[in-house]
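J.: In order, the protein sequence lines correspond to chains S, U, C and R.
Counting in the working numbering, the first sequence runs from 2 upward without gaps.
Counting in the working numbering, the second sequence runs from 2 upward without gaps.
Counting in the working numbering, the third sequence runs from 2 upward without gaps.
Counting in the working numbering, the fourth sequence runs from 2 upward without gaps.
Just so you know, these hints were derived from the structure itself, not from any lab.
Accuracy of the hints is not assured; some may be wrong.
Any copy, or any two copies together, can satisfy a pair, since identical chains are not distinguished.
[Unchecked claim] No more than 25 angstroms apart at the CA atoms, straight line, and that leaves these computed lysine to any residue pairs for SDA-like:
1) Lys-102 to Ile-180
2) Lys-102 to Leu-28
3) Lys-136 to Phe-187
4) Lys-102 to Gly-30
5) Lys-102 to Ala-182
6) Lys-136 to Ala-189
7) Lys-136 to Ser-190
8) Lys-136 to Leu-186
9) Lys-102 to Glu-3
10) Lys-136 to Arg-68
11) Lys-102 to Leu-19
12) Lys-136 to Val-64
Number of protein chains: 4
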Amino acid sequence: MESFSDGVIAVAITLLVLNISVPEPRLLGHHGLAHALLAQWQIYAAYVISFVTIGIIWINHHVMIGRLREADHAILILNLLLLLTIGVLPFSTSLLATYLKQGEGQNLAAGIYAGSFLLMSIAFATLNSHILLRKAHWLHTELPIEERRRILTRSLTGLGPYAIATALAVVSPYITLVICALLALFYASPIATGVTKAPA
Amino acid sequence: MESFSDGVIAVAITLLVLNISVPEPRLLGHHGLAHALLAQWQIYAAYVISFVTIGIIWINHHVMIGRLREADHAILILNLLLLLTIGVLPFSTSLLATYLKQGEGQNLAAGIYAGSFLLMSIAFATLNSHILLRKAHWLHTELPIEERRRILTRSLTGLGPYAIATALAVVSPYITLVICALLALFYASPIATGVTKAPA
Amino acid sequence: MESFSDGVIAVAITLLVLNISVPEPRLLGHHGLAHALLAQWQIYAAYVISFVTIGIIWINHHVMIGRLREADHAILILNLLLLLTIGVLPFSTSLLATYLKQGEGQNLAAGIYAGSFLLMSIAFATLNSHILLRKAHWLHTELPIEERRRILTRSLTGLGPYAIATALAVVSPYITLVICALLALFYASPIATGVTKAPA
Amino acid sequence: MESFSDGVIAVAITLLVLNISVPEPRLLGHHGLAHALLAQWQIYAAYVISFVTIGIIWINHHVMIGRLREADHAILILNLLLLLTIGVLPFSTSLLATYLKQGEGQNLAAGIYAGSFLLMSIAFATLNSHILLRKAHWLHTELPIEERRRILTRSLTGLGPYAIATALAVVSPYITLVICALLALFYASPIATGVTKAPA
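This is chain S alone, in the form it adopts within the complex:
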């Protein structure tokens, strides 16, 4: 299960680069390439934020699946739903990058962008809680209930900020972008992942 999930996440994270388009030479105008590259800074911002966010989901997924000795039908299906939400991210990233430089549609695009992260977080928390609450006897090392609750609380606290980021897209797409960037930074910190050691 891990090798397939790793494959899907690895392909999704690498497909993000297809969103970074090379400026069409014929359409450069008199400003030149440098100007055209700088003018699409939204594409790079969306690329970095999505890359780091998917990367962190992979780290969390790796830790979560690494705990499991066995999987049943529910785990396989919940995992598939999580991969479905991850697989959509190259699209929502491309949507945001395209409309952030347009006059209209920015707010909706930013809402869908943060909303797709929210969806992914919900799918992740659902899988995580299924494993930790119902299939705790399949873990490699037994975890006390307090520790399991701590892990779960951590995945649930991600939902709030993404819901806020989605809602604030109505106000400004840039606020949404900044919140998503801050969340990526926060989740990349050791406090958030709680990883101290994992098999290489």
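Chains U, C and R: place on chain S using the hints.
T.: Here is chains U, C and R on its own, set in the frame of chain S:
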């Protein structure tokens, strides 16, 4: 063999997202982005149905190959043919999504869509029956002949509905789409896969 | 090494589907979708031949690397060159599929198509001979020199037909296509691969 | 961690082929396909140089991670940043290939091309030094401090030439291209990688 197959299936399932096109800003018209995104709902429907169907084929493939201790030339070639039919799905999904919103060509596109699932099911059933009937001595754990017949019957019963979905495309592409969606839902249920436990 | 090579080959084989383009609805004309799909039969032919050829190279690669216990710098670099020639195949397949329906350029495109298979075969034979002749002490199970020569002869006999297919592109691209198809069929037969049993 | 990294690098290296575009038949002019294919030689040069460079980074990454028994949060994040810089290479390769045949923008494109290799080298050296200096107790086999310093010096000496290649893009993009090609050749030599034996 499993790592290569997992790779091909993971790439095929993730490439599906390339079909979800970002609406061209210049072509939005006065209806705006929301309208343009909703107007291509067929693309999302096709994406979700194809994603779940490929995902379930992966689960079944994982269980089937997980039973095997060794592989011979026939298994490798039959597996390659199965991957060939899976590799085609991003195309047939894109074809359906494109033509479902056109006035003409809908029926043919839906027929090819369901037909490609039918082809994949035939390839899967062929590989499965080769393994269970002819190479049963290569299974990790010996399976009684009744159990093997039950597994085979399950993979064969998939063919009928997909053949019906393909044929009904002449009547309406939406009937085909609904049947494919219901089949994905049905196969995602624990009764259909018969998975109770698998190594994580 | 195997997981990386498997990944590259899996991505290359799955990217082939991007060559199968969905006919543009606006450009269908009065012949309709069925006609447009049939008119690009060269694309499907090239897809199937390339898919099967890459698939067989994977089988052979899997068997070859499966024999190895350790790898040195030369093996890693020769393997990388083999992957380089495999990575180019989605391009040469697309080139052939595009120009086979054009009036001109057909012969050159077919020559490059078969030529890229020839190049891949040369890279494979080079890696194979390096392993079997110079690094025979790194094999999992010792192979007598006659057996090693037999395996090598088999990989070398592939070069001739591909060289002929490349040369005959001057006469007709369809002859080249048919030879490549026959070679794929031949290599997919158990006589050619010599695989009797491999770990699943 | 290795299977995910292998996946990302394998997808990035294979996506490079999407940059090799098939000449549009309608735009061939009277020179024909051969001329059009030769006229885009910059694309092939950029493809080969990027492919070999990413391949060598993979070899080095494989050796580096192969030394590790365990990973902590810092290693996972530094590895993710390295993958981020590798994931960008299909874009910078495409940018160089597009602008090398244009009159303007060549220098900037070449600078970004070599600059992205420089960035990747910095990310690699950072991860490598973190592992060898701070997490040396997690290595499978203990390495004496002199040996660790020798490995580190080797990854640091890569930075200089790439910085020079980036700076010289102001003078001529072709000088940059030649330096990057020579570096790929040099790093592919056994002296540079220092690999004598690795598990297959």
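J.: Confirm or reject each hint.
T.: Do the hints match the structure? See the list:
For the homomeric pair Lys-102 and Ile-180, the shortest alpha-carbon distance inside one copy (18 angstroms) is at most 25 angstroms, but the shortest distance between copies (37 angstroms) is not. In this homomeric assembly, Lys-102 and Leu-28 come within 25 angstroms of each other (Cα to Cα) both inside a single copy, at 16 angstroms, and across copies, at 15 angstroms. Taking the shortest alpha-carbon separations for Lys-136 and Phe-187, only the inter-copy value of 24 angstroms comes in at or below 25 angstroms, while the best intra-copy value is 29 angstroms. For the homomeric pair Lys-102 and Gly-30, the shortest alpha-carbon distances inside one copy (18 angstroms) and between copies (17 angstroms) are both at most 25 angstroms.
Proximity of Lys-102 and Ala-182 under a CA criterion of 25 angstroms is satisfied intra-copy only: 18 angstroms inside one chain copy versus 37 angstroms between copies. Taking the shortest Cα distances, Lys-136 and Ala-189 sit within 25 angstroms of each other only across copies (19 angstroms), while inside one copy they are farther apart (27 angstroms). In this homomeric assembly, Lys-136 and Ser-190 come within 25 angstroms of each other (Cα to Cα) only across copies, at 18 angstroms, whereas the closest approach inside a single copy is 28 angstroms. For a Cα distance limit of 25 angstroms, the shortest separation of Lys-136 from Leu-186 across copies, 23 angstroms, qualifies, whereas the shortest one inside one copy, 31 angstroms, does not.
Taking the shortest alpha-carbon separations for Lys-102 and Glu-3, neither the intra-copy value of 38 angstroms nor the inter-copy value of 37 angstroms comes in at or below 25 angstroms. When the C-alpha separation of Lys-136 and Arg-68 is checked against a cutoff of 25 angstroms, the pair qualifies both within a copy, at 11 angstroms, and between copies, at 23 angstroms. For the identical chains of this complex, Lys-102 and Leu-19 are neighbours both inside a copy (18 angstroms) and across copies (21 angstroms), given an alpha-carbon limit of 25 angstroms. Taking the closest pair of Cα atoms, Lys-136 and Val-64 come within 25 angstroms of each other both inside a single copy (16 angstroms) and across two copies (20 angstroms).
Hint check: a violation occurs at hint 9 only; the rest are consistent with the structure.
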